[in-house]
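Once you have looked at the hints, place chain B on chain A.
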Amino acid sequence: MSHLFNHNGAPNTGYSQPPSIETATKPSIPKGLVRRQRARWPRLSEPEMVRHYTWLSKRNFGIDTGFYPLGSCTMKHNPRVNEVIAQLPGIADIHPHQPEHHLQGLLSIYYEMQHMLEVCAGMDQVTLQPVAGAQGEFTAVRCIQEYFRLKGDTKRTKVIVPDSAHGTNPASAAMAGFEIVEIPSRVDGRIDLDALRAVADETTAAMMITNPNTLGLFEADISEASKIVHDAGGQMYYDGANFNAILGITSPGLMGFDAVHFNLHKTFSQPHGGGGPGSGPIGVKAHLAEFLPGPLADRRTPTAGEQSTAVDEFWYHWREPVHSIGKVQQWHGNAGAVIRCWAYYRRYGSGLTTMSEHAVLNANYLRYAIHKAAREEGVDHLFVDGAETDVAKHEFTLSMQPAKEQFGISAMDVAKGLLDRGYMAPTVYFPLVVPECMMIEPTETESKDTLDTFAQHFAEVLKVDAETLHAAPTTTPVRRVDEVYAARNLCLRHPFDE
Amino acid sequence: MVDQLPNLGREDEMLKAMGLQDMEDLFSDIPDEVRFKGPLPLRPPQSEEEILSDARRILGANISMGSRTSFLGAGLYRNYIPASVFQLVTRGEFLTAYTPYQPEVSQGMLQAMWEFQSLISELVGLPIANLSLYDGSTAAAEALTCAVRVHSRKASQPNTVYVSSLTSPDKMSVMENYCQGAEITIKTLKHNADGTLNLDSLKTAAGSCGVYLEQPNPLGVLDEGLTKTKEIIGEHTALIVGVQPVSLGMVEAPGHYGADIVVGEGQPLGSPVTAGGPLYGIFACSKPYLRLMPGRIVGRSVDVDGKEAYCLTLSTREQHIRRHRATSNICTNETLIALMGAMHMALLGPDGLHDLAYRNAAACQKAKEVLVETPGVRIVHDAPHFNEFAIEIEGSAEACLAYLDDNGIIGGFDLGRWYPSITNQILITTTDQTTQQDIEALSAQLSMWTSHQGVSA
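One line per chain: the protein sequences are A and B, in this order. If you count the first sequence from 1, position 469 lands on 495 in my numbering, and the numbers rise without skipping. If you count the second sequence from 1, position 181 lands on 288 in my numbering, and the numbers rise without skipping.
Don't read these hints as lab results, they were simulated from the structure. Each hint should be verified, as a subset may be incorrect.
[What the hints assert, rightly or not] Below, computed lysine to aspartate or glutamate pairings styled on EDC-like, alpha-carbon distance capped at 20 Å:
id: 1; chain 1: B; residue 1: K144; chain 2: B; residue 2: D132
id: 2; chain 1: A; residue 1: K311; chain 2: B; residue 2: E140
id: 3; chain 1: A; residue 1: K474; chain 2: B; residue 2: E120
id: 4; chain 1: A; residue 1: K52; chain 2: B; residue 2: E547
id: 5; chain 1: A; residue 1: K52; chain 2: B; residue 2: D489
id: 6; chain 1: A; residue 1: K311; chain 2: A; residue 2: E144
id: 7; chain 1: B; residue 1: K297; chain 2: B; residue 2: D307
id: 8; chain 1: A; residue 1: K398; chain 2: B; residue 2: D119
id: 9; chain 1: A; residue 1: K253; chain 2: B; residue 2: D139
id: 10; chain 1: B; residue 1: K394; chain 2: A; residue 2: D523
id: 11; chain 1: A; residue 1: K84; chain 2: B; residue 2: E415
id: 12; chain 1: A; residue 1: K474; chain 2: B; residue 2: D132
id: 13; chain 1: A; residue 1: K181; chain 2: B; residue 2: E290
id: 14; chain 1: B; residue 1: K144; chain 2: A; residue 2: E144
id: 15; chain 1: A; residue 1: K398; chain 2: B; residue 2: E118
id: 16; chain 1: B; residue 1: K297; chain 2: B; residue 2: E338
Just so we're clear, the structure is a prediction, and the values are computed from it rather than from any experiment.
With the rest of the complex left out, here is chain A:
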């Protein structure tokens, strides 16, 4: 083990600094504010620090390490040129408060990204300010809230979510002050229109839904759902977590939605970074556009004096929406993430449709290959599809319920068995509507060969006896971690001698 806080040998510091500016009087801190005891931080030289973090990195699994079929998370390859671009001083070393003529490049990329997302989503205006999907959800429901307030429609206090929705949907709506109305899904995992009709009324502000849904199924009744909500006077909100399945094929706009968020860290390859940063822009129809957080990037034909640093024939500028809800992040969102996603978009351009086709092709092929391998290995009785369907979209679910009932092998056991074979495990126990659920999303990144090999390994895991699987994983840096112990014996920081 290498522990950061056990490094205390370096007498100085891990990076040398030039001398400070000479001053006539020493810079002073008010007496009562002088720090009495320095932080008990470790002391590492640069080589020790480099070796510590390299050692840590080797105990971590990323897409670069291997196949990462984590459903709902769209773990696609992160092109490295995007990282090179994000370090250019024209993005890394600019300040959001610089005047517009210093930021023509940033503004033009913001404009291009807003436009691209508007086209793909069928929306009228996009803002890039929200910095994560959940923040995008919150921002959009806040816009909807202010839209109704301005209309004087104060009775709309409820937001409808299906029980299969991502947890962020109800959490974001509740944070904005809405009451949550959860509706059950049908047994096949799809939206229950009768249940929706029963709750949609003059108190409905919005419905939040993702399509394809969290089982990877396209909601064919989506236009009817939109009609029900709109007839009741409510707004339709599209959770864009599963956007990777439909680019250039259909759009939230065509399905009747009024607002949508994008997860640029899913669909447009901003690296997930072990949990963030992300970027969660939202797009809205015209009637909601003036409620968005500002500023938005806009452009016009330049007037005199506006051309000196322009990137093309336009003058780019910020614009404040008239009824803006204000800000959800202090600056202009995660600009560094937006730049990476711009580079990713440029790679595909109008070929984004092909990207989505391949994401769906890979998901369906993997579902087929897993069933085939399981039949050949005689383990196909141990699981069933999470939902009956001819075709899935970008992801699919399997239920390990038969294995659980027959041999006590849970979805978690299978997940840990896959870790031992060098894979990241699929998402387990979500959505809750599928018992012993495994949710698998290969993305367009994976080759047919990788998918075939994974399917074979999946079947092989199911041939392993229950006792061995309960003990898995055995080849990982640590074996199963005791989460109950962690919660009961809270140790949230280095204990020093306490």
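Frame of chain A; chain B shown alone:
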């Protein structure tokens, strides 16, 4: 895009295996009336070389702070980040990992974040820290809602918090958006002419759920009075202090003078300014706030063999479990930027942090010494400062900044953008990257500006 799709050209083989004819069969479940007609009206795909070349050209149209003499800060600070931070953080095992839901293969990031929590905890003087929120503004906003969750039931001013009237309107706007859903009233606290907090005004906050103040304050003033605030507001009102983390190399940790929650913009430790994001929000607190705080937390545990191991803990506060009753909707956070922060802190060590703080303080002191002698320039607050201070100039701040810009200087921040009644004040920001030559150039140009004002007057 050919370099990104390994199965281009193998579509038929794969479809045939599945018993399908063509790609269209995969989308047979999508009704015709919602289908796109024709190709996406977007530009054609580009190669890596073309993208990089376009990026250099377009981003080259931005004027980077490093290409000029810059005194712009106002919440973001241009510090030197050691090269090893950038080299290590782009290791694919960190960069391309998801949230560590499978701890057995995520020990590297889990341990790194547990160490981050430990570093932040020591820095701010509080026992608990999460592994980051989005930025300083959302951390401050989440601290207010957290304080209300903890204190509202017993407060004589339930659902009410107090915030310094100097708080930047952008941050205030974030706070309002986060607070309105819980029907929290935000009231403001007054400041004295020297920029320090008016302690009489603070008395009105006693019995409320929380008070948010910054140290140094938004105008760079170090306010000794903050050490007395906890005494005034009392045990059942949360003292929330927003910090510039580098300052804590010299300035007392707020946890040591009564702060219950410390938040801040982590950016100066580990991250370039990057047009305002991605950054990372610091959130630390004392024990009574633990179970109602937002964000992910890593705990140290053991595996089945009794071996030391790390995992996410106290997840029952979070949206994926608690859904609409969660303490926050946050899911994706700023882990990778926090990791950069941890690496920077690890390299600095306690003495390096002190030296870095001293370099920031010395640059600020030098700028004050030079500008106080500059004709037509007045330093607004007779107080100790860190990083930045407000000056008053002849004529309008907006025109003065445009003049400085014409002469190659990004002159600072027009305080009229925060406080509309003020037209002639500029917030001058210095960091460890500010040189004596920069300060002299600013002084010379401000002096020229003043002389032009004299001519026109």
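For this session: Go through the numbered hints given earlier and state which of them the structure violates, listing their numbers in rising order.
Result: none
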